[in-house]
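Undergrad: Here's the letter readout for the chains.
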Amino acid sequence: MSAPPVMVAMSGGVDSSVAAALLLAEGSEVVGVTLRLWGGESDSGCCAVSDVDDARRVCDALGIEHHVFNLGDDFDRHVVAPYVSAHAAGLTPNPCIECNRHVKFDRLLDRTRALGFERLATGHHARVVVRPDGTRRIARPADPAKDQSYVLHMLGQDQLSGLELPIGDLTKDEVRQRATSLGLRTAGKPDSQDVCFITREHGRGDFLSRRIPLTPGRVVDATGTEVGRVDAIELVTVGQRRGMELAGAAAPRYAIAVDMPTATVTVGNADDLLVDATPVGGFSWADGPVTGPVLAQVSAHGAAVEAQLVADSVRWSSPHRRVAPGQSVVFYEGEEVLGGAVAT
Amino acid sequence: MLPWLAEHPGNPSGSHRLAREARRAIDDARDAVAALIDADPGDVVFTSGGTEADNLAVDGVLGARGGVAVCGATEHPAVLDPVRLSGGVVVPTDVGGRIDLGALVDALDAIADVRLVSVMAANNETGVVNPVPEVAALVAEHAPEALVHTDAVQATAWLDLSDACRGAHLVSITGHKFGGPKGAGALVLRGGATVAPMLRGGGQERERRSGTQNVPAIVGLGMAATLVTADREATAARVGALRDRLEAGLLSAVPTARRTVPDDVPRTPGIAHVCFPGIESEALLFLLERDGISASAASSCASGAQEPSHVLAAMGVDRDDAVGSLRLSLGHATTDAEVDHALAAVPAAVAHLLEHTR
Numbered sequence: 027m028s029a030p031p032v033m034v035a036m037s038g039g040v041d042s043s044v045a046a047a048l049l050l051a052e053g054s055e056v057v058g059v060t061l062r063l064w065g066g067e068s069d070s071g072c073c074a075v076s077d078v079d080d081a082r083r084v085c086d087a088l089g090i091e092h093h094v095f096n097l098g099d100d101f102d103r104h105v106v107a108p109y110v111s112a113h114a115a116g117l118t119p120n121p122c123i124e125c126n127r128h129v130k131f132d133r134l135l136d137r138t139r140a141l142g143f144e145r146l147a148t149g150h151h152a153r154v155v156v157r158p159d160g161t162r163r164i165a166r167p168a169d170p171a172k173d174q175s176y177v178l179h180m181l182g183q184d185q186l187s188g189l190e191l192p193i194g195d196l197t198k199d200e201v202r203q204r205a206t207s208l209g210l211r212t213a214g215k216p217d218s219q220d221v222c223f224i225t226r227e228h229g230r231g232d233f234l235s236r237r238i239p240l241t242p243g244r245v246v247d248a249t250g251t252e253v254g255r256v257d258a259i260e261l262v263t264v265g266q267r268r269g270m271e272l273a274g275a276a277a278p279r280y281a282i283a284v285d286m287p288t289a290t291v292t293v294g295n296a297d298d299l300l301v302d303a304t305p306v307g308g309f310s311w312a313d314g315p316v317t318g319p320v321l322a323q324v325s326a327h328g329a330a331v332e333a334q335l336v337a338d339s340v341r342w343s344s345p346h347r348r349v350a351p352g353q354s355v356v357f358y359e360g361e362e363v364l365g366g367a368v369a370t
Numbered sequence: 002m003l004p005w006l007a008e009h010p011g012n013p014s015g016s017h018r019l020a021r022e023a024r025r026a027i028d029d030a031r032d033a034v035a036a037l038i039d040a041d042p043g044d045v046v047f048t049s050g051g052t053e054a055d056n057l058a059v060d061g062v063l064g065a066r067g068g069v070a071v072c073g074a075t076e077h078p079a080v081l082d083p084v085r086l087s088g089g090v091v092v093p094t095d096v097g098g099r100i101d102l103g104a105l106v107d108a109l110d111a112i113a114d115v116r117l118v119s120v121m122a123a124n125n126e127t128g129v130v131n132p133v134p135e136v137a138a139l140v141a142e143h144a145p146e147a148l149v150h151t152d153a154v155q156a157t158a159w160l161d162l163s164d165a166c167r168g169a170h171l172v173s174i175t176g177h178k179f180g181g182p183k184g185a186g187a188l189v190l191r192g193g194a195t196v197a198p199m200l201r202g203g204g205q206e207r208e209r210r211s212g213t214q215n216v217p218a219i220v221g222l223g224m225a226a227t228l229v230t231a232d233r234e235a236t237a238a239r240v241g242a243l244r245d246r247l248e249a250g251l252l253s254a255v256p257t258a259r260r261t262v263p264d265d266v267p268r269t270p271g272i273a274h275v276c277f278p279g280i281e282s283e284a285l286l287f288l289l290e291r292d293g294i295s296a297s298a299a300s301s302c303a304s305g306a307q308e309p310s311h312v313l314a315a316m317g318v319d320r321d322d323a324v325g326s327l328r329l330s331l332g333h334a335t336t337d338a339e340v341d342h343a344l345a346a347v348p349a350a351v352a353h354l355l356e357h358t359r
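Line order of the protein sequences matches chains E and B. All residue numbers for the first sequence refer to the working numbering, where the first residue is 27 and numbers rise by one. All residue numbers for the second sequence refer to the working numbering, where the first residue is 2 and numbers rise by one.
Note that these hints are calculated values from the structure, not bench results. Quick caveat, the model's predicted, so the values are computed rather than measured. It is possible that part of the hints are untrue.
[What the hints assert, rightly or not] Here are the simulated distance ranges between beta carbons:
(1) B:ASP164 <-> E:ARG237: 46 to 54 Å
(2) E:THR197 <-> B:ARG320: 30 to 38 Å
(3) B:SER14 <-> E:SER207: 35 to 43 Å
(4) E:SER76 <-> B:SER163: 55 to 63 Å
(5) B:SER14 <-> E:ALA87: 40 to 48 Å
(6) E:ASP184 <-> B:PRO278: 20 to 28 Å
A virtual CB, placed ideally from N, CA and C, is assigned to each residue, including glycine.
Model the full assembly from the supplied sequences, consistent with the hints where possible.
TA: So this is what it looks like as structure tokens:
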């Protein structure tokens, strides 16, 4: 008996190509879908017409249907606009997380189910594990260097049911080997990078400057003495070291706070960057709230470290670098994702 | 067409026997296309299709005469884009999707140097028919220096072009919209209209479109032009009745559905256009395809994604309604049984989506 039909979200990259091939090899009915999300210029490997072409041609080679869904309005509303307003408010947003939260695992998932597919698959490097009580969690993949469990932390039980991550058990090298042995044209395609709607050529500053006014700011030290200038306070992230025109500083200095009303960045040394706790809000959970000891990770490829989750605070077991407000803090138990929150 | 792919290799620009055969074949096609539009054979410029014909009309007239181009808001992008790029003026439409004649006159009176007015004979998304002869009369009165172009691509299969395009100096057609092959179309220049060429080279098509002609496709275009006139009226009546039954059936099966085009607006018979509020046509098209029905909504962009329709937007159709719009095309070969199938499949798919969409 074959498994129920599955819709595979195909970006045109090698991971989702192999995901579709693996599901097909299981004997499932597989349909590929590529999301058209961003109508503006892009060169990072998402949504470009050539990527849609790659996805379609991979589907042709596999002998499966390929469709394109235009979720551009949702992407503008739930990803791009919040990204811009977060920067305007001095936060450091993660648009890939918001895309997963509001577009891929909300709008696409809804449509997938409305079209009669019980299962949705993606080419993320992560695993879905079923626990003894039947609940599901996202877990780290076979390839730690490509781990995408961080950006999938917001998935709850409803979204996890029927979610397939077929390449989670493979390393990236193994994915590429499969693609090569299957003769898939995406086998050697470079990984997509960065934010899909920001071009490498023009960058974040250019993108934001077309949408919001960028404010020049002062850089001060702990005593309030001006030690430098920045062109755009909206582009400064807590923890950053470069780009602040700091003259004559002996030791490396880091942004430790950004105050939007006065357009002021406070810098300090590496010790000033460390905190005992990080305030968070906007929790999401795989299966209900968790408190107490967790492993907490503050960036997609950072290390998870021991902490206590107490109310709206992540209390680090040993001093931790400041987390830029707007960044997600993801909570793990061992290899499994419990949920996440946003640094405030 | 087939002999011209397989057996006759001649290039119509040559002078030997093989070339003369090819030349005769495309000149026969030229006669047939001219007859379709009440034109002289020498007026016919073969192109690669409707887009090239439209581009040549806009850019070619402006290139030859200068001045400003004016067009309607529901024109095909092949007209709209060159008009906009040239700094031209886009005139709004009424709620029925026809060009607003009052607004057109205002534009003609306000702009001193209008040299081209382009108004499509029938719209490619909705089938709405514009009063081209009336437009031509208004242009003659208010902007006598201007030429009138009409994109008759969507109209050719259904309307007598000598009536529907009366007064137009330039007419675009394309083969695949009336039974011919893709890749062959024509711009017909009447009344001594001239265009500056976009393609320069060997001087084919009387210096108006250089490049070796696509002989097999042009032969097919000519054949289609001959065949379409033979039974156009009867076909239009029969397909129109099927379309009316299809739309009426959809409206009665889905209580919230509405006709996109108001009842009293003249349309070509080949398009049923209905809006289903509360659903997304992308999802509907997916389900219909699985049920053997190939339909469209608005238009597809290069990626194949559905794009919001500029035609429905220009008609003032609410965005939520436009998101749930469905365009079912009918042709001369469409059968009663196919309409029955659509009348079963579409309401079922709509009901499914209404039930399963949050």
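Undergrad: Would you mind marking each hint as holding or not holding in the structure?
TA: Taking the hints in turn, this is what the structure says about them:
The supplied range of 46 to 54 Å is met by ASP164 (chain B) and ARG237 (chain E), whose beta-carbon atoms lie about 51 Å from each other. Between THR197 (chain E) and ARG320 (chain B) the beta carbon distance is about 46 Å. The supplied range of 30 to 38 Å is therefore violated. The given range of 35 to 43 Å is broken by SER14 (chain B) and SER207 (chain E), whose C-beta atoms sit roughly 51 Å from each other. Taking the beta carbon of each, SER76 (chain E) and SER163 (chain B) are about 45 Å apart, not inside 55 to 63 Å as hinted.
As the Cβ distance of SER14 (chain B) to ALA87 (chain E) is approximately 41 Å, the hint placing it in 40 to 48 Å holds. Remark: the range hint 20 to 28 Å for ASP184 (chain E) to PRO278 (chain B) is upheld by a beta-carbon distance near 27 Å.
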